[in-house]
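Once you've looked at the hints, dock chain B against the given chain A.
Sequences listed follow chains A and B, in order. Numbered by the numbering used here, the letters in the first sequence go through residues 1 to 436 in order. Numbered by the numbering used here, the letters in the second sequence go through residues 1001 to 1296 in order.
Derived by calculation from the structure, the hints in this document are not laboratory data. Among the clues, some could well be false.
To be verified - Calculated pairs, SDA-like style, for lysine to any residue (alpha carbon to alpha carbon, straight line, at most 25 Å):
1. A:K82 - B:D1258
2. B:K1099 - A:M274
3. B:K1178 - A:G323
4. A:K182 - A:Q314
5. A:K337 - B:E1256
6. B:K1265 - A:G89
7. A:K82 - B:K1178
8. A:K324 - B:K1210
9. A:K355 - B:K1245
10. B:K1186 - B:E1256
11. B:K1210 - B:R1257
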Amino acid sequence: MKKESRRSFVRKTAAITSGVLATNVTFQSFANVNENKKLKLAVVGCGGRGSGAVVQALNADDNVELISMADAFRDRIDSSLKGIQDHFGDSKKIKVKEKNIFIGFDSYKKAIDLCDVVILTTPPGFRPLHFEYAVNNGKHVFMEKPVATDATGVRRVLESAKKAKENRLNVVVGLQRHYQNKYLNLYDKVSSDQIGKIVSGQVYWNDGGVWVNTRKPEQTELEYQMRNWYYFTWICGDHILEQHIHNIDVANWFIGEYPSHAQGMGGREVRNGMEHGQIFDHHFVEFHYPGGAVVSSQCRHQKGTESRVDEVFQGSKGSVVLGKGEIYNLENELTYKYPKSWSDDPNPYQVEHDKFFRSIRNGEVISDTENAAKSTLSAIMGRMATYTGKKITWDQIMNSKENLVPDNLTWNSNAPTLPDSAGYYDIPVPGKTKFI
Amino acid sequence: MIFFSFIIIPFVLFVNTDKSNYSEKIPNSNFSIDMIYIPGGEFKMGNKKKNSDTEVSSFWMSKYEITWEIYNLFMEYEENNKLEFIVGNKKIKVDGISKPTTPYTDMTFGMGYEGFPAVNMTHNAASKFCKWLSLETGNYYRLPTEAEWEYASISEINEKNIDDYAWHKNNSGGKYQKVGQKEPNKWGVYDILGNVSEWVADSYEENIFKSRKLRSDPFIYNKNKYPKVYRGGSWNDDPDKLLSKKRFYSNSRLQERDPQIPKSKWWNTDAPHIGFRIVRVENTDSKSLRDMFWNN
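Bound conformation, chain A alone:
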């Protein structure tokens, strides 16, 4: 990759010239300071994934310390900290003082203020707000996908992305297939024309779905939605976005474009209780690309059905099946198989943090944001196609006025969506739901 080669170039140059030129001594000592500086880490959003990302960050660099944690809920912070401590034993890298634990909707600000590097792993609805604040305050960011739940949020993230780049901030987004050797290897094969021009594809995230957190009597409506966030569009974005973004993103990456329009269908067939909030349990979308490729995207959360999480593309000379790591010619004969098994490849969740911290240390810049924001928008385009039952273009979705997440939520705010008297929520109806 470009960044790798540039770094090694910088290193070689420094090594050769440092003994010769006095100016390089200055450069070297600066570099050493940079290398030795303690990096203070904060995490905003202390669920299982946030805790996992903290562990990977602490593993990625010798001189990083977790110093602050923020979440809407105290119990999430306590269980997260315990999980991290249990994982490491008595690591000196965990230095979270009680005064640096922050709770509530605005807790992110205080945690971000204290750190050099922040992990943003709340549910995705809050990401634009948190990312903007982190960038405005000059922090390096690791954030989970997706990066917003509506187009308004995506535009906000894209604006902040420009500023992050200008200020040389590193931003890594947890679309970890970009950090997975098998995908990188097959991407190289496809870019070196082994299957020709991609004309079509199929991408899948079909499985049994995820957890449900049932309502507790003492919860306000807003707290309930925050706890059971997967099922509320404003905070989750629906599973076509929250999970299936991985596969749609791979289509964008391998085709090298973002879709020009989408049309599709979806609904909720079996996951339709009041505890399932608003989201669909299946979507099937055709993504059309400017260069002519058409990708069928399917995602399903229905128990007992066929599972598949995969991406497949057909080109003018052959096809690639990413799950199996196989390339076929037009006669459907196997011409290449990625040689390593799952157990031989490094863990991509760790690799993304290794590269993130190495880049910070070397004064380089990784900017994953723009692609992540546009893949987020692609999935939102798919969602709006299934919600409305209409064709949605890239220009339409890029300019969509939909704004699902209020900016200044407090525990006294009304929840952004409210149930009817029987406890059920508004569910999109194709043909009736309007595109905003």
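Here is chain B on its own, set in the frame of chain A:
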């Protein structure tokens, strides 16, 4: 680290049982598990260098590795208040039971569902499956001990005829295969070597063969999550690893790609080569022993 292990002589309580093969129908489903009767006996457990005389009591072992459809019954069962069952005239009480969380991704890894062996469950989850199945059926099931597994796996399979009996790296096409397609071993058990490796109940202890005395129904237990023993080799192993005597054991790498902390109690993310099969013993084991098997 607390490391506590011991070898147990099971508490024997005979129940009237028919010493023959049978099929265990799982209530409220269309599925059943075929069980093969294996008369107990003495054998040399271990390899040529390290071994010990061992005896195991008679038991039944599932003819096939547990498949996804059957494992799914456990994943999907309606939780109820049933906390006891009766074996013979003995009432067995159970201290509550929980079912696996829904995995966040496709745990078949695209290798197939119907008729294929379930994989990627943790050792704890496989143990809990047995507890659930016992409650559902009223017969006492558990994972085989390492000794029972090895006793049941010893057979005429060798490097020349292994393709007739087992799926391994060179004939599996890089994935697990439907259970029961190869020849069974001398007991009538299928795929005990190859296809997927199989969890056994024991914790791994390197030197189990120190004693010169006859070991009777040995079982090594400690509370630690790792290392637990799995046996048999898999679709991802070279054929020379598919041996009755070969011991594999778990470590944290089986959950390396679980992006969450704490790691799942129920799912491994890096174990598409490990499944399990079950046994039933004539006695029901003592309560303390049952707890070790089921809450392992």
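Now for the hints, and whether the structure bears them out:
1. A:K82 - B:D1258: Judged against 25 Å, a Cα distance of about 17 Å means the pair holds.
2. B:K1099 - A:M274: holds, 22 Å
3. B:K1178 - A:G323: holds, 20 Å
4. A:K182 - A:Q314: holds, 18 Å
5. A:K337 - B:E1256: holds, 24 Å
6. B:K1265 - A:G89: Holds, at roughly 19 Å.
7. A:K82 - B:K1178: violated, 42 Å
8. A:K324 - B:K1210: violated, 45 Å
9. A:K355 - B:K1245: violated, 42 Å
10. B:K1186 - B:E1256: violated, 38 Å
11. B:K1210 - B:R1257: This hinted pair is violated, its Cα atoms lying about 37 Å apart.
Violated hints, in rising order: 7, 8, 9, 10, 11; the structure is consistent with all others.
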